[in-house]
Amino acid sequence: MSARARTHLGLVVSQVATAAGLLLIWEWSAATGRLDPFFFSRPSHVLLRVWQWVATGSLWPHVSTTFTEALLSFAIGGFFGIVLGFSLASVPLLAALLEPYIRIANAVPRVVLAPLFLLWFGLGIWSKVALGVTVVFFIVFFNTYRAVREVDVIFIDNVRMLGASRAQVLRHVVVPSALTWIFSSLHISIGMAIIAVVVGEYLGASRGIGYLIAQAEGVFDTTGVFAGTAVLAAGVLIVGAAVSRLERRLLRWKPQNLEVRNDSEAGGPWK
Amino acid sequence: MSGTRTHPALALRDVGKRFEANTALEGVTFDVEAGTFVSIVGPSGCGKSTLLHIIAGLLPPSAGRVEVFGESLAGINRRASYMFQQDALLPWKTVLENIQLGLTLRRQERHVRRANAQRWLERVGLTGVGNEYPYQLSGGMRKRVALAQCWIVDPDLILMDEPFSALDVHTRLQVEAEILRLWAGSGKTVAFVTHDLEEAISLSDYVFLLSAGPGSRVVGRYAVDLPRPRTLMDIRAESRFHELYRDIWHDLRREVVRSNERSR
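Protein sequence lines correspond, in order, to chains A and B. Basically our numbering = 1-based index in the first sequence + 187. Basically our numbering = 1-based index in the second sequence + 9.
Every clue listed holds true.
So the derived label-pair ranges between C-beta atoms look like this:
#, chain 1, residue 1, chain 2, residue 2, range
1, B, P69, A, R439, 35 to 41 Å
2, A, T255, B, R115, 41 to 47 Å
3, B, D40, A, E286, 46 to 52 Å
4, B, D205, A, V340, 23 to 29 Å
5, A, V203, B, D177, 46 to 52 Å
6, A, V295, B, G36, 55 to 61 Å
7, B, G194, A, V340, 32 to 38 Å
8, A, P296, B, T136, 54 to 60 Å
9, A, V241, B, T136, 54 to 60 Å
10, B, S147, A, R336, 27 to 33 Å
11, B, L235, A, A192, 55 to 61 Å
12, B, R249, A, R439, 50 to 56 Å
13, A, W238, B, G137, 51 to 57 Å
14, A, L303, B, R115, 51 to 57 Å
Hints are computed from structural coordinates only; laboratory data are not their basis. We put the beta carbon where it would ideally sit given N, CA and C, even for glycine.
Bound-form chain B, shown alone (with noise of 0.2 Å):
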């Protein structure tokens, strides 16, 4: 698409969200390059999930505008996709049905949209689990179906808040790795918001740092020069990562600090 190659997959200027008397999010500014994996970090509570609903329209900005390579966004966001915090899959539909369900909705022919699934079940090493229904999964399981949806409608853009939280660390691991080898070469657009840094810097090529709230803006763009591909069970002990960490982790602390004595 020649648009996506002039324009930034997002920009985003003076994107501002209030909530009746509280103001969650005050002059946003920035872009994202199409084809990058940015990671959104801030203290807990300072509207990364806010903004990452405004990216996808399901909330509307109460100031300033959102761009998507190179368009205005007005309702619901149709060159992305989403990945929940919580489960999303409708738990009455199996898991095949639950994959191709963009298709479904897009009114894909059934043969079709059931081969594409079943291509997609493999390609998340589930094979062999397409009739089971959500809650027969483990939540590792459950996010790799989750993951399935959200790539088989092929979004320009992926959006993801923090879908990883509730696994735990080994589980976790697994499925970063899958949706980096998921997003190389893929071209695709990363916009992934986590309160965990580590996981932030071993996944992306930006960080950016959201401010304390009330009134959150971008405070920081950290460059993560880390070379691609990457392994995510060593790059935690590369010294790089390191200076990294050290670099972000001066600036987040120092939101974390102001946004505790805030909430006291």
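Just chain A, with the same shape it has in the complex (with noise of 0.2 Å):
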């Protein structure tokens, strides 16, 4: 084993170690009446909610629904945010235009437009699945329409001089060089709808790992709520693994993993 896989070896211990300790001193102080159980619960007890949900197969459908919606609002909003994004950048009167609306738009705290969705869409997947679209579509579209613009002129000069057409310079350069910032942004938007899909089903909804946790909180049942919080959890991690991998694969031709601009949330590139 080389010295660096071993001190990457070490750091994982370290870190199961400590969660370890902190579960450890949490179930006993819960199981030594120093902490209330009713409030905190026990970490053995989530555990065990889990394992009945999985067992029972109970768990399943309100998973399934959560990533389905997470994984339909990821998809639409990163469409449009990908359109409007090269459409934008490529007709700056169009940009030009647009700029104060979007700026607006982006500026809505998302999390009052719930009620609205649900008032619109109903209580099924929709009204969620619209939630994640606006948060989704802003990350997607900013990181978009910068990538467009900053796309390095020599490049394009470069195939021109090759021969490259319009066609061909959208092809072999704007497209592949403004990937990069849209896979880099996938990271983030795929968290940020899982998200913004929970807080919808927390707010009304009939299927759900939102939902669940809202059940639980609804009869003081604050096992139930760890135990919804701790599912979502893995899955967000699950899910960020996978697109860590894939985003490894699709920019293998960078050196590194490039920082993750997050303009919705920094004001956009009008700021």
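If you follow the hints, you should be able to join the two separate chains into one complex; please do so.
Listed below in structure tokens is the structure:
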């Protein structure tokens, strides 16, 4: 084993030990009455609850609902973000016209839209998808817009000298160059999509992890709240790891991963 | 090509270029015979790169005209390849994909262009790195890939804009030798922009001197009568090289001084 791999292994072991230690302290405090289990539950109870959910099969419909919603909002928001990002970056006049509106739309806190979407799209998945779309769209849009605008002119000049038509410049330079930023924004946008749909479910739904947590809360079942939260966290981690793998594959031409620009948070390229 | 014989590869007539209030080039007139290797030298900021961009058709001139093998230039110069100062290889394509890019854009068949690119890879001494990405190569290797990318489309004219300014001296000599080897007997015309007079003399048949800006013009044309093939490692020690250097430097020095005075 190389020295580097050893250091890495050591780090992982320490990380696991830290988590185990904290959970043990929690368990011990709750077992000895130092923490009130009514408010704080116990890790062993939480684990048991998750296991019961899995064993009875009652968890699956909720998980699949939440991730279907997240995936749909990711796909729809991503599609429109990319299309509009490309369009506005290629037509500066359009960008100038729409600039204030996009700024205003992005300034609206998404949570206040949730009740509106519930009214418009009902209690089913589409009100959650709509909420997710409003989050994903802006992240992908800003990244695409800036990426297309900032394509290095030297690459464009080079392929033009080698005989590229306008369409070929787009295909061989602009799109791959912009994809870099779009892929980097996948991470943030898929995570944000999950958060958005869970918030939507929490506020009104008949299924999903957010619904599960809201139900447990309604009967002061803290164990259920923690169990739902744990399932959600695990799901986000798994999706994140999958996205990382995909990103490494698709961006294998890059020396290292880029830092992600979350422009929707920062106020966009016009700030 | 019959046109190639009767017309100069390049004929510039009163070419000027203004950027808003400032005049980069004014009344640039010169000819480049087909099959020759010419260098364009001048003080920094005199518009050498602008001139090359105009010849490439990447920038339209504000005045005058450019003729390429007797035909008036409009839009991109289809007879020319361009080697840029900065790294212009597409980072998301492998070395082989970069080399064959010009053929891909011309919609050549996949196996034909792959075989061709493989040949060029060997020709520039990079066998075995075809599937690597540009970031994995050294600066000198990236320049060799760029060289292959330019030459694979078999252009009549090759434009180079200080392509080696970022390389260390030894790597630079190697890649320069590579260029002379490729160029010898190819019949291609090379226009090479540099601020390094030694580089200009050791590679070229003719050296053109551009005056200090604003409004740079060609103020000198020097024939380099050193025999070919040249050994770049030794050529700088020859007495004729020193004479040429002294002559051209005498004029170049004047422009450099003037350029410094103006920028102060």
